[in-house]
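Novice: Which chain is which? The protein sequence lines are A and B, in order.
Numbers given in our numbering equal positions in the first sequence, counted from 1, plus 1.
Numbers given in our numbering equal positions in the second sequence, counted from 1, plus 8.
Hints were generated in silico from the structure; no laboratory data involved.
On a predicted model such as this, the values are computed, not experimentally measured, just so you know.
Some clues are possibly wrong.
What the hints assert, rightly or not - Not close to chain B: a few residues of chain A, all C-beta gaps over 12 Å, as computed:
1. G59
2. L65
3. L68
4. R145
5. R153
6. L168
7. E185
8. I190
9. M234
10. S245
11. P300
Claimed, not checked - Pair ranges (Cβ atoms, derived):
12. B/V21 to A/N90: 25 to 31 Å
13. B/E252 to A/L68: 29 to 35 Å
14. A/E185 to B/R339: 49 to 55 Å
We put the CB at the ideal spot given by N, CA and C, even for glycine.
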Amino acid sequence: MTEPRHDRSSDPVDEIASLAAHDPGATAASGPMPDRPPRSQWLDVWDQFKTHKGALWGGILFLLIILAVYLGPYVWTIEPTQIDIRARNQGPSLAHPFGTDQLGRDILSRMMSGGQTSVSVGMTAMLLALFLGSFVGVIAGYFRRLDGPLMRLTDLFLALPLLPLLLVMMLLFREPLSAAFGAEQGIFILIVCAIGITSWMPTARIVRGDVLALKEREFVLAARSIGTTDSKMIARHILPNVLSPIMVSATLGIATAIITESSLSFLGLGFPPDFPTWGRLLFDGTDYLQDYPERVIWPGVAISLTVLSVNYLGDGLRDALDPRIRGR
Amino acid sequence: MLTFTIRRLVLAVPTLLFISLIIFLLLELAPGDPMSQVPLTVPVEVREEMRRALGLGEPVPVRFWKWMVQFFWIEPQILIDNVFGTQLADGKLRVLSWQTRSPVMDIVVQRIPQTLWVVGTAYVVGILIALPIGIYSAYRQYSWFDQAGTFVSMIGFSVPPFFSGVLVIVIFSVNLGWFPSIYDTTHEVTDWNSFVVQLRQMIMPVMVLALQITAQISRFMRASMLDNLNQDYVRTARAKGISEYFVVMVHVLRNSMIPVVTVIALGVPAIFGGAIITEQVFKVNGIGQLLISSIQANDLPMVQTLAFIFAVLIVLFNLIADVLYGILDPRIRYD
């Protein structure tokens with residue numbers, strides 16, 4: 002969306018502040034010429050991020066999960082839909098590390114393909130919500146006339162009963178969309194849109210608050226005085242500076258989207274049964290709870306670990322991107 | 009204070025109208041005739057009554073108006089009739105469920121106590137656990153207790169109820185056999201033994217819901233306590249020689265409770281939403297379970313009504329939170 006370099010050129014105050022916070026003696030002693038080369042802001046962010054152990058491990062775990070889910074099928078080549086009825090209901094073994102289900106399908110490969118769907122639904126829905134939220138937030142914060150109406154709209158959306166509404170949307174629009182785009186594609190579009198439309202509000206609020214504060218800063222005044230147009234102002238000066246709250250809500254948005262998608266699948270209103278997602282696998286597993294409890298536990302652990310790692314990642318990012326905390 | 013309350017109340021009305029419009033239009037936008045799914049076994053005159061109650065065949069604004077009349081005029085009258093034995097609403101049309109062919113509201117009223125009982129207990133238990141955790145982890149910030157509290161609330165945020173619920177069923181009913189996995193709503197408490205049975209079947213759903221509530225509220229309590237612990241008035245109180253217990257539990261706690269109380273009020277409707285899943289896992293036949301079953305049966309009037317009830321709950325508790333904040337923090341009233 003934007004380049005980090007704008008941040009440096011447009012916002013020298015933070016640069017110096019973070020430098021000073023990093024090494025208080027250096028700038029004071031050497032006067033206007035710092036004796037060390039200027040560090041980029043993102044290097045400082047990385048330094049702070051590294052000190053947050055939970056966030057670091059969360060990030061690593063999340064990367065590992067994504068790698069396992071997307072590259073795993075190239076290593077573990079059994080098809081998730083391959084039925085081997087003679088090898089059904091098997092426990093964990095070397096041939097099937099996670100066992101097989103009631104039709105003899107390999108659970109490990111189903112977990113991987115389910116993870117692909119869950120993670121991509123989470124990512125896409127998050128991107129949509131992020132786009133809507135940042136758009137509404139920036140517009141509301143930047144244009145005073147639109148602030149009132151847009152924020153009332155946000156409040157109204159916050160007052161909607163989300164889960165019931167999502168369920169109703171799934172009920173009403175499932176069939177026409179499946180008919181138009183095919184069963185899997187249609188449901189994917191529906192779920193992503195439904196989650197995106199109902200989860201942009203927190204981002205909008207945070208971004209609006211930050212834009213309101215940014216508008217009063219000197220560099221915005223300076224840019225305005227040389228005749229920068231509104232659209233350039235937003236793209237060059239406002240957006241790069243609200244990138245950090247947007248990034249934090251992005252990580253937290255993935256977590257919510259994954260949980261919402263699995264809840265829908267768990268309630269039987271998500272993807273069709275032959276198209277596994279983690280929520281769907283968990284839902285299918287509950288039928289065999291008494292005899293094969295591990296079938297519930299694998300997808301459940303996968304969902305929980307992903308969400309936990311993303312939450313920790315967001316927590317660390319929030320600390321790392323906040324210049325008031327950074328350097329402490 | 010009165011003007012403040014009235015202003016909030018006036019603001020709540022358009023919100024409610026907007027939400028009901030969205031729920032209504034969602035049904036409108038849905039392709040096809042909403043009645044086409046009603047099975048042919050439904051007698052013609054009942055079908056006609058369903059149609060008239062929904063106002064089908066008339067323009068959209070008229071139908072919306074009729075729907076609102078159903079909600080805010082006819083149903084309250086029936087409530088009054090039932091309470092006082094009057095005959096206000098005799099012979100009036102009511103929205104019928106397509107599934108059971110009885111009035112939607114009657115079924116909802118039957119289901120609400122189960123939900124309230126489970127969700128209410130879980131909320132109270134969750135708050136009672138969360139507050140001490142929040143207070144102590146703020147007082148000893150970065151201690152092992154605080155770290156453990158952070159970890160537990162992270163788990164509470166991350167583990168969805170449909171997994172934690174199933175997990176406790178696997179552990180406590182399948183493996184250990186301590187508690188029943190299905191909540192029996194026909195069970196009546198008459199003596200000590202039946203009370204124990206009730207307690208045992210409530211423990212799992214209540215604890216699953218309470219884990220999430222605890223995670224949220226203990227975080228808020230901790231943050232709010234931390235904000236207040238560094239304030240000047242706390243130093244003054246300590247300097248006056250007030251005992252540490254008194255400083256923390258009276259001076260700091262009372263001020264920290266202001267945002268927490270509003271968060272508690274705001275969380276009530278969200279818990280109803282979350283309870284949809286928990287009710288489904290433990291087979292509690294409350295309103296959440298009713299919503300799911302009517303969605304699966306394509307019972308649109310029921311779905312609409314329930315979604316609207318959830319919306320009313322949200323608006324109502326937003327209002328309560330606003331007014332509470334006004335009562336507790338006088339600075340808010342003048343803005």
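Novice: Are the hints correct? Go through all of them and say.
Specialist: Checked hints:
no., hint, in the structure
1, G59, "violated (9 Å)"
2, L65, "holds (16 Å)"
3, L68, "holds (20 Å)"
4, R145, "holds (18 Å)"
5, R153, "violated (9 Å)"
6, L168, "violated (5 Å)"
7, E185, "holds (20 Å)"
8, I190, "holds (16 Å)"
9, M234, "holds (30 Å)"
10, S245, "holds (19 Å)"
11, P300, "violated (8 Å)"
12, B/V21 to A/N90: 25 to 31 Å, "violated (57 Å)"
13, B/E252 to A/L68: 29 to 35 Å, "violated (51 Å)"
14, A/E185 to B/R339: 49 to 55 Å, "holds (54 Å)"
In summary, the numbered hints that this structure violates are 1, 5, 6, 11, 12, 13.
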